[in-house]
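Undergrad: Following the hints, put chain R in place on chain A, whose structure we already have.
Which chain is which? The protein sequence lines are A and R, in order. 1 is the number of the first residue of the first sequence in the numbering used here; add one for each residue after it. 1001 is the number of the first residue of the second sequence in the numbering used here; add one for each residue after it.
Hints are not guaranteed to be accurate.
Subject to a maximum C-alpha distance of 20 Å in a straight line, what follows is the list of computed EDC-like cross-link-like pairs (lysine to aspartate or glutamate) [as the list claims (entries may be wrong)]:
1. R/K1480 with R/D1465
2. R/K1488 with R/D1465
3. R/K1480 with A/D272
4. A/K67 with R/D1210
5. A/K295 with R/E1473
6. R/K1484 with R/E1526
7. R/K1480 with A/D274
8. A/K295 with A/E241
9. A/K159 with A/D124
10. A/K278 with A/D303
11. A/K67 with R/D1215
12. R/K1480 with A/E273
13. R/K1548 with R/E1508
14. A/K295 with R/D1210
15. A/K67 with A/E32
Honestly, the hints are just simulated from the structure, not real lab data.
Here is how the chains run, residue by residue.
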Amino acid sequence: MKKVKLAFQKLIFTLLVSCATEPVEMPRGAYEEGVLVINEGAFGANDGEIFHYETESGEMESSIFEKANARPFAGLIQNMRSFGANRYLVANTGKVEIVRSDDFVSVGAVNEGLINSRSLLATDGKLFISDWGAYDENWNNPESFIAVVNGLEGGSVSKKIAISSRPEGMTFLGDRILVACQQEQLISVINPENETVEKTVSVSGTPFYFFNYANRTYLYANDAENVYAHRLDPVTFEVEETQTFGVVNSIYNGNFAFTGSGELVVISNQADEDVVVKLSLGTGTVSEARFYSGKNFYGLGYDEATQTLFIGEHAGWQGNGSVLRINSAGALIDQLPAGRGPSGFYFP
Amino acid sequence: MAVVNQRIPFLAIVWLLLPVWGYCQELARDTVELDPVEVAAVPMRTYAYGQRIRSLDLSAAEGPSGGSVADLLQDRTGLFIRAYGPGMAASLSIRGTSAGHNALFWNGLPVNSPSLGQADYSIFPMAGMDQVDIHYGSAGALYGTDAIGGAVHLSTSLSRDQRRKSHVKTQLGSFGNWGQEISHQQRLQSISFRTSLYRNVLANRYPYTDWASPDTPIRYQDHAAVHQQGWVQDIRADLGKAQVLQASVWLGEIQREVQPVMGSSSRDVQNDTNLRAVLDYIKNGPKTTWNIKAGIVRDHMEFNSDVNLTLQALLAAAVDWEPSARWQSRSGVRYTRIQGDLSTYSHSEQRIELYQATNYKPLDNLAFSLQLRQLLHEGQPVPFTPGVGVSWTFGKSPVQQWELLGAASKGFKVPTLNDRYWVPGGNPDLASEQSWSKELGFNQQFTNKILQFSNRLSLFHMSVDNWIIWLPEESYWTPKNVRKVVSKGLEYFMEWELKQGGWDLGWEADYAWTHTSSRSVAAGNEMDLGKQLPYVPIHKLQVRGKVKNDRFSGFVSGQYTGERFVTSDNQTALPAYSLWGAGVSRTFSWKKWVSGSVALEVHNVWNTEYQLLRLRPMPGRNFQLTIHLEL
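Bound-form chain A, shown alone:
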């Protein structure tokens, strides 16, 4: 009996050691591979949805939120962010849905207190949600705010931080949150601990989102004539350097394509067509003024693994759109069905 007990203790010890040194590899969830297609949805119809493209089979699975939760998303998806094991679907119709990354099953939501939410950041058990606030009679948004939610799986808004009009993308830089505010063309710097705006920084162009390149934080901005890439000082948050690219009527739909090798990819709405333009941060020049062209382009995404560009095409908003896959040579690989207004892509 004593031997049996000893053997059992050895077994337990062995298991514990093996668990500590060789963690069990959990299988990845169905939606942690492939490509997630963000379909914004049509105004007034609230038919935003997420589709899933399986790279190996080439199959596009529609409406994965509705399938996982047995209810429609019922909103216009402005942005999707990923923090920890959750994905945050930010709807500009005033809600945030929080789902598990692996199977898209809902774990919570923020659906009270938001009006026109745009993007989200999660840190230290809090959610910070940029929100344009209500429109006034002149279609301005004078009461924009950053909503603070105490809890990473949703809940009620605990505080609204008043901020410059039309806050859009957000990022961390150091221990501060930077918010791109469109209307006054500035960056607002927020201290997440005391939830106050500490300073603002003016920039050229209308700022939209932040991205990282070569261990530095950049801000994407544009106007009717140019695209701007502002490199930010990590301490003062001021603009250190600005690269200006001559691209007319570039659009921003809440998502963007960045190759990771220093190329920004943008859509330029031109007179009779939409043109995909490549910009090199390394040289500060337009590297390809006409990488690909067509009609009704709306969203972009770049799959680093396969070096494939994904273009969302909205079909004139008359129905569902499609996704065009473009190879590195600028040739169409295939065209896949998508939802209403495919505006962005996420590569887990």
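TA: Structure of chain R alone, referenced to chain A:
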């Protein structure tokens, strides 16, 4: 504005009018006095042999009379109303067409908004009319612009032999809904008048499943209240010598909290104030009837803080002429001035229309209609619009008759003011939308002392070209003539009534099968080719059984609406649904001077959860009590 050269048809219209002018001059020299039996204009439907026109029996529809025309058409016909919620904006689809492809008239006045090109059927409460007629199919030659899928005619009717009558009606319904209507009618010598006032309140606090929130909680609609009030005035003056002057004025106001789509927290409000006024001079002669009409329609719409105002002024004259038992003719002219002061532009324009309609009956059982219309829009002709129909009656006996019908007609729609002048994006070069419609019909009627029944079957085929779609351009949306749609289908209507002892038993069914197919689409929309248009149900069936005796009446009604696609590529659809309702009513009288009725109705008996449009919940089971007094 794209202009099509239509010189020959235009001359043909003028040529057709010439003999009428000549006849009219002759009339002026030779006045004939008549015993004034009932002076009335000849309805346009007179010239619609071969086409289907259904008049709704409003006396049997006392239940929904507190609602709107939208409710009536949804509940009582095979037509589909696209409503954004109870009391919210509602548009009509006839034969697979869009909201702007149907003409709506009130006492002969076109009341489609010239800026939107369509009517909101929910702002027309039943208190403002005595009769509703539905004309199915293209009828541009009869009614002018917008009548591509069909036309709906609302009209008041002031009887000259009614001395004095007052009505009071109160309705109480579920979800905080109520309505009141008061009307008084009187005749003073040769002048009859009727004044009606109404007020409807829809709190719309009904529960619904919130599919947009985790765990799909049950919530109560909290931003869908409707307050509606109005005044309708009818006056009729018998001038003698078979002449009558009649006027109607309708001033209505509706304030609405716009029910948000599920998942949105919008708090939009819309206030509409509508003034419609029409004046008719009618003179009956032994073989002619003159009708001179003047009217205005003023629509003031305030959406949040945006104000849109349109004004239509109309002046029209028509003469009906019956030279022999075999010929009947109408010649007319209509002038319209439109002024639009919208939130982003102002524009005014003029339209003049000449039209001619002729009936010819070579045999007692064979009749033909020919309709012609030419509209000049800002002095430029839009495509000439003809229509033709035939009716052949056969197998006629004292109790039964059969009828074969056929019609072919053209319809058109002048681009709306918003299509042409909205800033930004308005496209002044748009061409008119055009349709060609063909139909075949079959009627059967049986009548004896105790039983009446009738069957009506229509088959139609319609092609709409130059269909206008707003498409995104470089930095804004702009409308273009891009789509071509073919619509075909079948309509079947059956009605029977059995009289047994003191009881009347009745049954009616109205079924529509509508198949649409996009034949030409905008570049990039090839997936839409051959697909059914959004929110056009392939099947809709409405049935109604009724029973009645001297004091008691009751009904059971059912409605089936088939699957509706949400998008033009048919990838998403809303499920079919069935709704059932029932009601009982009892009449009473007290002393000699008060009579009335009490009615109780239940709608959506099985508490079916359904959406007419996606993510816009509709009410579940609800009750309505109506008390109607006549003094």
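Undergrad: Which numbered hints turn out to be false for this structure?
TA: 8, 14
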